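Protein chains: 2
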Amino acid sequence: MFEILHKDGKARQGILTINNRSVETPFFMPVVTKGAAKFIDNVALKEIGSDAIICNGFILSVKPGLEVLEKMKGIHNFANYDGIIFTDSGGFQMYSDKLLIKTTDEGIHFKEPWHGEKLLITPEKDMEIQSTVGSDVAMCLDDMPLYGSDKKRIQESVLKTIEWAKRCKQSHDKTKAQKKSEQKLFGIIQGGTYPDLREFCARGIAAMDFDGYAFGGLAIGEPAEKTFEAVSAAIKFIPEEKPRYLMGVGTPELILQAVEKGVDCFDSRYPTMTARNGTLFTNNGQINIDKKDFELDKTPIDPSCNCFTCKNFTKSYIHHLTRLKEPTGHILKTLHNVHWIQNFMKAIRESIKEGKFEEFKHNFLKACSS
Amino acid sequence: MFEILHKDGKARQGILTINNRSVETPFFMPVVTKGAAKFIDNVALKEIGSDAIICNGFILSVKPGLEVLEKMKGIHNFANYDGIIFTDSGGFQMYSDKLLIKTTDEGIHFKEPWHGEKLLITPEKDMEIQSTVGSDVAMCLDDMPLYGSDKKRIQESVLKTIEWAKRCKQSHDKTKAQKKSEQKLFGIIQGGTYPDLREFCARGIAAMDFDGYAFGGLAIGEPAEKTFEAVSAAIKFIPEEKPRYLMGVGTPELILQAVEKGVDCFDSRYPTMTARNGTLFTNNGQINIDKKDFELDKTPIDPSCNCFTCKNFTKSYIHHLTRLKEPTGHILKTLHNVHWIQNFMKAIRESIKEGKFEEFKHNFLKACSS
Numbered sequence: 001m002f003e004i005l006h007k008d009g010k011a012r013q014g015i016l017t018i019n020n021r022s023v024e025t026p027f028f029m030p031v032v033t034k035g036a037a038k039f040i041d042n043v044a045l046k047e048i049g050s051d052a053i054i055c056n057g058f059i060l061s062v063k064p065g066l067e068v069l070e071k072m073k074g075i076h077n078f079a080n081y082d083g084i085i086f087t088d089s090g091g092f093q094m095y096s097d098k099l100l101i102k103t104t105d106e107g108i109h110f111k112e113p114w115h116g117e118k119l120l121i122t123p124e125k126d127m128e129i130q131s132t133v134g135s136d137v138a139m140c141l142d143d144m145p146l147y148g149s150d151k152k153r154i155q156e157s158v159l160k161t162i163e164w165a166k167r168c169k170q171s172h173d174k175t176k177a178q179k180k181s182e183q184k185l186f187g188i189i190q191g192g193t194y195p196d197l198r199e200f201c202a203r204g205i206a207a208m209d210f211d212g213y214a215f216g217g218l219a220i221g222e223p224a225e226k227t228f229e230a231v232s233a234a235i236k237f238i239p240e241e242k243p244r245y246l247m248g249v250g251t252p253e254l255i256l257q258a259v260e261k262g263v264d265c266f267d268s269r270y271p272t273m274t275a276r277n278g279t280l281f282t283n284n285g286q287i288n289i290d291k292k293d294f295e296l297d298k299t300p301i302d303p304s305c306n307c308f309t310c311k312n313f314t315k316s317y318i319h320h321l322t323r324l325k326e327p328t329g330h331i332l333k334t335l336h337n338v339h340w341i342q343n344f345m346k347a348i349r350e351s352i353k354e355g356k357f358e359e360f361k362h363n364f365l366k367a368c369s370s
Numbered sequence: 001m002f003e004i005l006h007k008d009g010k011a012r013q014g015i016l017t018i019n020n021r022s023v024e025t026p027f028f029m030p031v032v033t034k035g036a037a038k039f040i041d042n043v044a045l046k047e048i049g050s051d052a053i054i055c056n057g058f059i060l061s062v063k064p065g066l067e068v069l070e071k072m073k074g075i076h077n078f079a080n081y082d083g084i085i086f087t088d089s090g091g092f093q094m095y096s097d098k099l100l101i102k103t104t105d106e107g108i109h110f111k112e113p114w115h116g117e118k119l120l121i122t123p124e125k126d127m128e129i130q131s132t133v134g135s136d137v138a139m140c141l142d143d144m145p146l147y148g149s150d151k152k153r154i155q156e157s158v159l160k161t162i163e164w165a166k167r168c169k170q171s172h173d174k175t176k177a178q179k180k181s182e183q184k185l186f187g188i189i190q191g192g193t194y195p196d197l198r199e200f201c202a203r204g205i206a207a208m209d210f211d212g213y214a215f216g217g218l219a220i221g222e223p224a225e226k227t228f229e230a231v232s233a234a235i236k237f238i239p240e241e242k243p244r245y246l247m248g249v250g251t252p253e254l255i256l257q258a259v260e261k262g263v264d265c266f267d268s269r270y271p272t273m274t275a276r277n278g279t280l281f282t283n284n285g286q287i288n289i290d291k292k293d294f295e296l297d298k299t300p301i302d303p304s305c306n307c308f309t310c311k312n313f314t315k316s317y318i319h320h321l322t323r324l325k326e327p328t329g330h331i332l333k334t335l336h337n338v339h340w341i342q343n344f345m346k347a348i349r350e351s352i353k354e355g356k357f358e359e360f361k362h363n364f365l366k367a368c369s370s
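Those protein sequences? They're chains E and S, same order as listed. No gaps in the numbering here: position 253 of the first sequence is 253 in my numbering, and each next residue is one more. No gaps in the numbering here: position 245 of the second sequence is 245 in my numbering, and each next residue is one more.
Hints are not guaranteed to be accurate.
Which copy? The list can't say, so a pair holds if one copy fits it or any two copies do.
To be verified - Subject to a maximum C-alpha distance of 35 Å in a straight line, what follows is the list of computed DSBU-like cross-link-like pairs (lysine-lysine):
#, residue 1, residue 2
1, K38, K169
2, K118, K174
3, K298, K71
4, K38, K291
5, K73, K10
6, K292, K118
7, K176, K292
In case anyone wonders, no lab produced these hints; they're calculated from the structure. Since the structure is predicted, the reported quantities are computational estimates derived from the model, not experimental observations.
Isolated chain E, as found in the complex:
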């Protein structure tokens, strides 16, 4: 399933294969919550180098609903995406102020976002949902305290996350055997920004032999040093041969730091969300296309980029569409940002293959700060 092909310091380059679908690591997954990313379709995502995406198991179970997904033969067929599909448990969404009622030992009590119906999602229920959705990789249901919670609350959350991970694993193993499914299951490590709690959680989760390990509850507002202190504290207790996934990270700078520490996998709304606001990736750092400076700029967003948008349109035109909040501007900007980040991931992989990751990182950051 996961093969490491090259190492360069702690950075790794490999290949993850599930259900005859492959993605080279390290990789970045666009967020396709409801079965479509914002302003870009799944065929285009794949074409521009997204060999894996992440959907939201819980949200898909409400709309279109599990019955539809079953009859349409799973999410790959339904959404016409022929790459690796991860599903998130949906826990992240349930922990919003508007939806969360409470968490108990049993599971998460929250309001269903469309009809306001009160629901309880247990680890077992969540595994069943993700199995029916038909993703290649399911994620454990975890308990995620908000950033800024006190240590006691985070301690509780770590214990609950470990307990739920056990139940997820048992339930997943059972379903997998029954359905003869190849679906993989990743454990999630919580612990806020406390290195001791991250270590404790990592030891607990790693003991259960998951197919991969994720760092959850990070990149939610804490400073980057804290993010990587937490990752470093946990990563040494994760088996070397398993894929490691830093959830919610999607900026080039953070991806570089994480790859350096041995992370293989990322997801984030960042590239698509900021595209709509006009924040665009370039090899010289991010630009805000909304700025007056670009009103008469005849060059593409990034002259070294060969995406559809950069091949066809000027900054001046994209600036105009951004000022007017035109949806076609959102399409062109989203396409650029996703294409750019997939190209960036490819360049990272190449640099590891050649044993030049540090050089690549250094040059990239230097170009961005100049």
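Once you have looked at the hints, place chain S on chain E.
Frame of chain E; chain S shown alone:
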């Protein structure tokens, strides 16, 4: 500039060439008001067979502004569209309840939509705007009474439209000579649904020798018989050899009726606007993809359509995205509707070439009603 190649009854098939760009007639123009259509880019529009589009001269003169358009060498370069660009005068927009202050003999007094500044657009000013925007075809500034206005008001509007057309022509001839421009100018015929006023206006406008003639102020709420009574009353006074343009019409049924009467050119928001609401063209009539019937439908929107959307996605998936109002659903539906209507126009052209237009029309309408 305009060559009629085939006739079939009153229906005509020809080719319109301006500035080395050509479009076969009859043709349909997507509405690209602000330099981009909604949810589809200009390169895609051209690729799926839109060899002409219509932009709004006045709106572009405000945003991005004439200075930007001049420096970016005109609308074709700015918006990267390599087909024929018509510009509307913008009069249609100024006649909204929110913007119109009054019309005088001089021109239209109205509020600029972004800053609320009071503006006066005269025929001369409008010609200058459209010349700077750099379209291939400019439209005269006309006076457009709302549907339901009394005959006296429409009579006044006809007189004003004729008077303004004269001033547009004079001003356009002058600018054209100065700039050595190849831009064409189309006259607009008003007259509401009164055949006598349409005839009067057509005679007045035709006497001025425009490069083409448009029917304005129709398809704004009146029954279809009234639309075509008005077109029929006017069309016989327009020189046979000039292109004829029915403004604001974009449904297959109305296009067929108009082509039958000798109309060559159409524009409308209909295909893009209704796509977003879920109304989609098929060879068996329009469907509303929002309907529960399509929840589990594994077939494409139109099985005979070879657009990107129909080749890749099922009705079930499009239904799901429509229910959630997902922008990526809007993209896929817009692409289908524009592709479909351009294919429909192509089929109309083929049928005229083969002398089988009536048969085509009959079969199409029959398939839609079955």
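Checked hints:
| no. | hint | verdict |
| --- | --- | --- |
| 1 | K38 with K169 | within (32 Å within a copy, 46 Å between copies) |
| 2 | K118 with K174 | within (28 Å within a copy, 72 Å between copies) |
| 3 | K298 with K71 | between (50 Å within a copy, 10 Å between copies) |
| 4 | K38 with K291 | both (23 Å within a copy, 23 Å between copies) |
| 5 | K73 with K10 | neither (40 Å within a copy, 52 Å between copies) |
| 6 | K292 with K118 | between (48 Å within a copy, 25 Å between copies) |
| 7 | K176 with K292 | between (56 Å within a copy, 33 Å between copies) |
Checked against the numbered hints given earlier, the structure breaks only hint 5 and satisfies all the rest.
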